[in-house]
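Residue numbers (this note's numbering), protein chains in the order written: chain A, 1 to 372; chain B, 1 to 233; chain C, 1 to 342.
Check before you lean on any hint, since a few could be wrong.
A few chain C residues that don't get close to chain A, going by computed Cβ distances all over 12 Å [stated by the list, open to error]:
no., residue
1, Ser18
2, Leu29
3, Leu31
4, Ile33
5, Gly49
6, Thr147
7, Gly167
8, Arg241
Computed beta-carbon distance windows for the label pairs [claimed, not checked]:
no., chain 1, residue 1, chain 2, residue 2, range
9, C, Ser50, A, Asp108, 40 to 48 Å
10, A, Gly131, C, Thr118, 39 to 47 Å
11, B, Met132, C, Ile335, 18 to 26 Å
None of these hints come from the bench; they were simulated from the model. Since the model is a prediction, treat every value here as computed from it, not as a measurement. Every residue gets a Cβ at the ideal spot worked out from N, C-alpha and C, and that includes glycine.
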Amino acid sequence: MVVGCQVPAENPNGSCDLAFKYLSPEVAQGFRWKKLSDPEGREVLSCLEVFNVAFEEVATTIYRDSVAFHSDPCPKGERVVLNAASRGIATLSTTHVALLEAWDDSLDHWAGGAFVDYIQSGQAKVCLMKGEAVDYRGTPEWDLEMLVSHPPSALCIYPFGNPINDATWSATIPIVPILEYLEPHPLGRAEWMKVFGWLVDDVSLLQANLAFDEVARRYESIRLAAKRQEPLQVFTGSVEQGEWHAPGGESFIASLLEDAGLSYVFQDRLGRENVRIPLEEMIEIGRKADAWGLVLHHSGSELTISELLQKDDRNRLVLPDSRRVFVANTSQCDYFGWWVARPDVMLENLTCLFEGSSCSMDMEPCFKWLAE
Amino acid sequence: MNGSNQHTADQVIQASDLSVGYHGHLNVLSNLSYEWKGPGIHLIIGENGSGKSTLIRTLAGLQSPMAGLVKWNGEDVALISSPRRVSNMAFVQSIPPRQSELTVSEALALHEPNQNKVDDLLDAFNLGEMHMKSLCDLSDGLAQRVMLVRAILQDTPWILLDEPTAFFDVKSRQVMWSQLSALVAKGRHVMVSSHDYHLLEGNPDLMSVTAIGADGLEALDPAGSFESWNASI
Amino acid sequence: MFNGYGTVFQVASGMKYSGIIGLAFAAILILSISHLLWGSTTMDWGSLGSWFGSSPELAATVFFEVRLPRVLMAIAAGAGLGISGLMMQTWFHNPLAGPSVLGVTSGAGMAVALVVLTGMGGGWLVNSIAASVGSWLALALVWGVSTRFRGLASLLIFGLMLNYVLGALVTVLQAEAKENALQQFVFWGMGTFGQATLLTAGVVMLLVVIAIFMAFSLHQNLDKWTMGEITARSMGVDESRLRQLLILLTGLLAGSITAVCGPVAFLGLATPHLVKLLTPHRSHRRLIPMTALIGALLALVADWGVKGLGVFEGGWPLNAVLSLLGAPMVIWVLIKRNFTHS
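Bound-form chain A, shown alone (with noise of 0.2 Å):
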């Protein structure tokens, strides 16, 4: 999607033999920045690029401006132009409005959002209730007039997510994916808030970098005073259609949980997305494991191991013998929003919970033991 009326001079098909110099995230993959010379000749990081799902090409670059766009001799994938004009970034997950808010408190760089009865975040909704940010709908259908009529300065999707059509109102909309959830990495996660830091502006981009070093610090202590000799076996997971389905050895769960000082029992089995274990396959490893991790929805009182354990018959047949089990309840905490934001808090909640009762945080934890 191009904005602008004239497309650069060059640009043979694929011969582009020139060097660039690159500013790679600290931990992310799914991003860099392509140092391109502005018309003074200064490096400015006018230009982001963003990866296929597969993290293996460039999909998508993202210039702050027509003039970025112009002096980029050697643009790769689909071309985005941001739109200075407007203000405000919009979103469609949860996620991304806690990495904007990760270094903008107040939410003024949010343009608003999509399915904004998933945000948890209370800033958000103050918001939306003042009228400062937009709802976009998304349910059944979103909001297109909205979208037209208050056209945000880019429009943060996931690569499936995107609501846009092809008629010309739309070509003025600057679509961004963000591709956060494929992060290996607890922290790369956390890190795409630069990306929405430099979507706003390099002051933003700058608070995003103090906010993200700041976490990666205190991840890093924690990690660092959590090593164990001898670490507990810890497995996730839930069963579906007669199967365990867990996330595997290089998703981001697995770094939390091993970074935590635990080991995860399908740390071999590699891939980031879902594995797939026979049931039977799990009894054993679920028994003999030292604790069970869930995250899930349950609304109403406290959950406990017998209400687990009425919920699916089979969770009966996996419950470890120390019937120790841990539990997201994402009701209660805002797990995939500032959660995500804040891999610091999350790897402090874990090493807290295997510390004993000794070990207590500042704020409410998200991960709890289930009492029986």
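Start from chain A and add chains B and C according to the hints.
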């Protein structure tokens, strides 16, 4: 469509070394050479399964011959254009149109836009009160009568009927035959296959009687007795 | 077959055919205007003219590029699917046939599932192209085998089985898909008029108009067809040509509509029955125009359900609204059939 004047000339249906049947099956009847000519009722009789329906449909040009030709007035039917075929021959199936929701007047309007002419004909056939009824809501007997009226309205020299009275009660059958006789009086050519031939015994409008027997087609005496016809099939 | 609709409404209101047509036109006009006037944006009506200039104002863009295409698409889809359903029901002598019996919708669904669920991902343009290709492939398959089947029941069952096979393949793809992709596919399956642009709505509208004229030109043949194949043939109906034309028209109508809107439920199946409830006429010369109008009307009504009747925060997905409107109608048809068929 001017009425009966054009029907006074003698029309001919010829079978020329004709074999009839269905694809993939053995021929039902083979190597027939025969001729039906002139206004009047041409009756075709035969036992069940002898091929009456297949024969009459092939003669009507509604089914392809397995071999040989069907000729109308000397022309190969397969080469006659569809519009000319439609203006030359009307057909009444043995099964009434149980799936058509068309009302009687809508069905008849397909041939005759003049509602008055249609009403007159309906009255003549004692169907006067039926014109708003759907074909599928009529009893089989009534529906077949409507189909006959439709065929008449098609205003063709030939009307071919395949077991038209299969669903009729006795009284209706007699009515049907007298109606067919009335048509013949106006110069129409009627070919009909039927089991009712005992009702046609001695009918002066009977032009020919053809029996389908083991050896093919046999011409019987139209003035002959019902028993004599019976003996030949 | 049966005709047990009892022409309840017609008798009650004492209206002639032309009266109902006039009323339908008026209702379509009123509903269209209501859709154009109401939306989530406050409109500066004076600036509408700017759309014809070089830089249109916001209100003009909203009106001409969001509201207008949606209304046009609803009308085109309702009319097109209604006509398609009528032709299928007449052709198959079956009151429960619809445009989907020939596998058009499931062919489109299969193609979109392949594109979306295997991660080739795509916006609405890619989905539309995939849907078109899929529905035409399914139709080509049906066309190819239709000559080999004796009897309509065989063709109908073939279409049903094709639907099952394609549906099963889609289920397999769904089981293997990632959550995001699955969600997108589910959204596509809900159907919508809201993804139409002025261009796509215009193209579909044009195709629908052409198809309706073509269908109308066949009205006598369709009437003759109801009386049985042999009788129809004796009245000059060329069965294979009629079959090919109907398959082509179904492809044009259902295929193009599914490409832009996703699989739209019930309009094809229920509209002809609603029309037959409103009028005692059964000749296609009368049924075709009324089916087009009533279909358009139903679509416009359903779209208010999607918009939450303008009152509620969120409505329901299009197919849900249509099914809630359409299913009671089909039930009514079945009940009437059981009680009045002799």
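For this structure, which hints from the list above don't hold up?
9
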